[in-house]
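Participant: Based on the provided sequences and hints, a complete structural model is requested.
Heads up, the sequence shown stops at 584 in the numbering used here, and the numbers go up one at a time, no gaps.
None of these hints come from the bench; they were simulated from the model. It is possible that part of the hints are untrue.
[Unchecked claim] Derived DSS-like pairs (lysine-lysine); straight-line CA-CA distance at most 30 Å:
| hint | residue 1 | residue 2 |
| --- | --- | --- |
| 1 | K551 | K567 |
| 2 | K336 | K276 |
| 3 | K276 | K259 |
| 4 | K194 | K484 |
| 5 | K223 | K129 |
| 6 | K551 | K156 |
| 7 | K259 | K269 |
| 8 | K531 | K484 |
| 9 | K414 | K484 |
| 10 | K531 | K413 |
| 11 | K156 | K531 |
| 12 | K484 | K269 |
| 13 | K448 | K413 |
None of these values were measured; they are calculated from a predicted model.
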Amino acid sequence: PEGSYVETDRRHGIQSGIVAPMVVNQNLVGLVGIGSKKAIAYDDRDEVLLLHIASFLGIAIENNRRNLELQQAIQVADQANRAKSEFLATMSHELRTPLNGILGYVQILSKDRSLNTHQQQGLSIIQHSGEHLLTLINDILDISKIEAKRMELSLSPFSLADMLDSISGIIQVRAEQKNLSFRYEALSELPPAVYGDEVRLRQVLLNLLGNAVKFTEHGGVLLKVGYHEEKIRFQVEDTGIGISQEALRVIFQPFRQGNKQSRATLVEGTGLGLAISNQLVNLMGGRLQVKSQVGEGSTFWFELVLPGVEDWVGTPKVEERNVVSYRGVSRRIMVVDDRWENRSVLTNMLVPLGFDVQEAVDGEDCLKKVASFHPDAILMDLRMPILDGLETIRRLRTMPSGKNLIIIAVSASAFEYNRGESFSAGSDDFLAKPFRFAKLLDLLANHLRLEWIYEDDMHVSEVEPNDSIIITPPEEDLVRLLDHAKRGNIRGLTEEADRLTILGYKAFAANLRMLARNFRLKEIRDFIQQHREQSDGPT
Numbered sequence: 046p047e048g049s050y051v052e053t054d055r056r057h058g059i060q061s062g063i064v065a066p067m068v069v070n071q072n073l074v075g076l077v078g079i080g081s082k083k084a085i086a087y088d089d090r091d092e093v094l095l096l097h098i099a100s101f102l103g104i105a106i107e108n109n110r111r112n113l114e115l116q117q118a119i120q121v122a123d124q125a126n127r128a129k130s131e132f133l134a135t136m137s138h139e140l141r142t143p144l145n146g147i148l149g150y151v152q153i154l155s156k157d158r159s160l161n162t163h164q165q166q167g168l169s170i171i172q173h174s175g176e177h178l179l180t181l182i183n184d185i186l187d188i189s190k191i192e193a194k195r196m197e198l199s200l201s202p203f204s205l206a207d208m209l210d211s212i213s214g215i216i217q218v219r220a221e222q223k224n225l226s227f228r229y230e231a232l233s234e235l236p237p238a239v240y241g242d243e244v245r246l247r248q249v250l251l252n253l254l255g256n257a258v259k260f261t262e263h264g265g266v267l268l269k270v271g272y273h274e275e276k277i278r279f280q281v282e283d284t285g286i287g288i289s290q291e292a293l294r295v296i297f298q299p300f301r302q303g304n305k306q307s308r309a310t311l312v313e314g315t316g317l318g319l320a321i322s323n324q325l326v327n328l329m330g331g332r333l334q335v336k337s338q339v340g341e342g343s344t345f346w347f348e349l350v351l352p353g354v355e356d357w358v359g360t361p362k363v364e365e366r367n368v369v370s371y372r373g374v375s376r377r378i379m380v381v382d383d384r385w386e387n388r389s390v391l392t393n394m395l396v397p398l399g400f401d402v403q404e405a406v407d408g409e410d411c412l413k414k415v416a417s418f419h420p421d422a423i424l425m426d427l428r429m430p431i432l433d434g435l436e437t438i439r440r441l442r443t444m445p446s447g448k449n450l451i452i453i454a455v456s457a458s459a460f461e462y463n464r465g466e467s468f469s470a471g472s473d474d475f476l477a478k479p480f481r482f483a484k485l486l487d488l489l490a491n492h493l494r495l496e497w498i499y500e501d502d503m504h505v506s507e508v509e510p511n512d513s514i515i516i517t518p519p520e521e522d523l524v525r526l527l528d529h530a531k532r533g534n535i536r537g538l539t540e541e542a543d544r545l546t547i548l549g550y551k552a553f554a555a556n557l558r559m560l561a562r563n564f565r566l567k568e569i570r571d572f573i574q575q576h577r578e579q580s581d582g583p584t
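Facilitator: Printed below as a string of structure tokens:
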């Protein structure tokens with residue numbers, strides 16, 4: 046205020062002075078003034094100079110204010126992003142955990158040969174519905190990683206031919222369900238192995254091919270792959286309903302689903318698939334392109350540099366055959382998880398194969414039991430109360446018995462940093478929930494050097510049930526067999542059948558083998574119980 050300046054001038058003996066406003070965008074942000082004890086000390090040039098100084102100071106003050114506001118906004122945004130990441134991590138864990146139970150038991154029950162066709166179809170519906178829900182969850186997580194610039198590639202050698210054959214098998218089934226044709230055409234010879242991110246490339250191709258099948262009602266889908274000078278072109282063609290030019294302009298944006306007017310009755314999903322595929326192709330160094338016309342189908346293509354890998358020997362994977370056991374001595378596995386349903390899934394997958402399984406409800410329980418159980422491997426959940434998986438792994442690695450112990454981290458948290466944290470803590474591998482049984486077996490075979498026994502390798506003569514020639518084993522043997530049957534221990538039943546054959550109970554053992562080979566556990570229990578009710582000796 047003017048009175049304040051005058052009073053200040055008088056106290057300091059100021060005789061003359063000039064004041065200039067600091068104006069920014071027509072807003073007064075302050076005043077700047079100078080004074081002198083001389084009566085006449087300033088002229089017009091001083092006034093002009095002060096106006097320039099005031100202008101610069103005003104801009105500097107305004108810039109400082111805006112910088113403070115920007116820093117505050119960045120802090121708020123960072124807090125929001127952290128909250129979003131924490132929410133997504135929690136959401137991922139909480140949704141994937143029950144899915145692990147659903148999809149896990151579908152895989153367990155699907156091995157039961159006593160199921161009729163209607164029951165098998167029901168299991169198939171549960172599996173497909175669960176896998177579709179998992180895809181939607183993964184889409185949301187992926188787009189969040191991309192937006193936060195946290196999506197990373199995991200590069201390693203892999204067999205391109207094997208991957209394409211696997212994808213073709215999946216799409217072939219989907220196409221046949223809609224009476225469509227599907228053809229995979231290799232335009233040139235492919236190298237034995239290439240270097241890249243197999244998981245993300247597979248994700249992109251399955252999305253493009255899945256969309257092609259989804260939006261095609263007549264005709265078919267074609268996948269073309271050509272390799273030249275370490276550059277591979279992937280092209281997906283369909284004879285579907287096509288995409289309008291208007292929709293093509295926004296088709297790679299999130300939450301878009303192409304030509305909604307023409308696809309209105311067919312649309313499903315989050316609308317994130319193409320947006321994610323586009324970003325993944327960009328991340329891998331390519332560019333996803335499309336051409337289409339309504340009613341004439343669509344063509345999507347991209348090119349990637351995937352260097353060939355010479356003299357590569359891949360990790361053997363569990364074949365698409367039914368694993369029933371493994372060769373050699375029995376192995377001990379500890380399952381550590383605070384959720385009983387997760388422990389139950391793993392136990393019921395492993396016990397029928399002949400593994401000796403011990404469960405622990407948390408990290409402390411694991412540390413107490415590991416010394417007496419002496420496991421060959423531990424399947425360790427990461428998120429547990431009392432003592433979490435990461436700290437448990439660290440403590441195990443300090444124990445003499447834990448230095449060389451195989452530890453596989455198992456987690457429903459799907460972010461890459463969860464995998465990194467587990468390796469830093471000392472785990473040997475990582476298994477994401479929900480998992481496929483074949484993936485679990487791959488890890489166990491790799492780390493424990495197991496050789497699997499497949500169902501069709503068991504060439505045992507089958508003897509049809511004939512009570513008139515069956516000699517019943519002693520009661521203690523029947524009790525032991527019934528315990529194996531109740532626990533679903535196929536390996537244990539098979540080993541007992543071998544022992545009983547040597548002891549002379551060949552017909553009984555042959556019947557037992559036949560039922561065990563086909564995983565007919567209920568019939569095994571009934572068979573054993575029937576002979577328990579009879580007296581020892583010929584029946």
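Participant: Give a verdict on every hint.
Facilitator: Against the structure, the hints come out as follows:
1. Of the pairs offered as hints, the one joining K551 and K567 holds, with about 21 Å between alpha carbons and a cut-off of 30 Å not exceeded.
2. Distance hint between K336 and K276 is fulfilled; the C-alpha atoms sit about 21 Å from each other, no more than 30 Å.
3. The straight-line distance between the Cα atoms of K276 and K259 is roughly 29 Å, inside the 30 Å bound, and the hint therefore holds.
4. The suggested pairing of K194 with K484 holds, with an alpha-carbon distance near 28 Å, which does not exceed 30 Å.
5. Using a Cα cut-off of 30 Å, the hinted pair K223 and K129 is violated, with the two alpha carbons roughly 40 Å apart.
6. Distance restraint check for K551 and K156: the Cα-Cα separation of roughly 26 Å lies within the 30 Å cut-off, and the hinted pair is therefore satisfied.
7. A hinted pair counts as satisfied when its Cα atoms are at most 30 Å apart, and K259 with K269 qualifies at roughly 18 Å.
8. The suggested pairing of K531 with K484 holds, with an alpha-carbon distance near 26 Å, which does not exceed 30 Å.
9. At most 30 Å may separate the alpha-carbon atoms for a hinted pair to count; K414 and K484 meet this at roughly 26 Å.
10. A hinted pair counts as satisfied when its Cα atoms are at most 30 Å apart, and K531 with K413 qualifies at roughly 27 Å.
11. Proximity of K156 to K531 is assessed by CA-CA distance (about 16 Å); at most 30 Å being required, the pair is judged to hold.
12. A threshold of 30 Å between alpha carbons decides the hint, and for K484 with K269 the separation of about 28 Å falls inside it, so the pair holds.
13. For the suggested pair K448 and K413, the alpha carbons sit about 16 Å apart, so the restraint of at most 30 Å is met.
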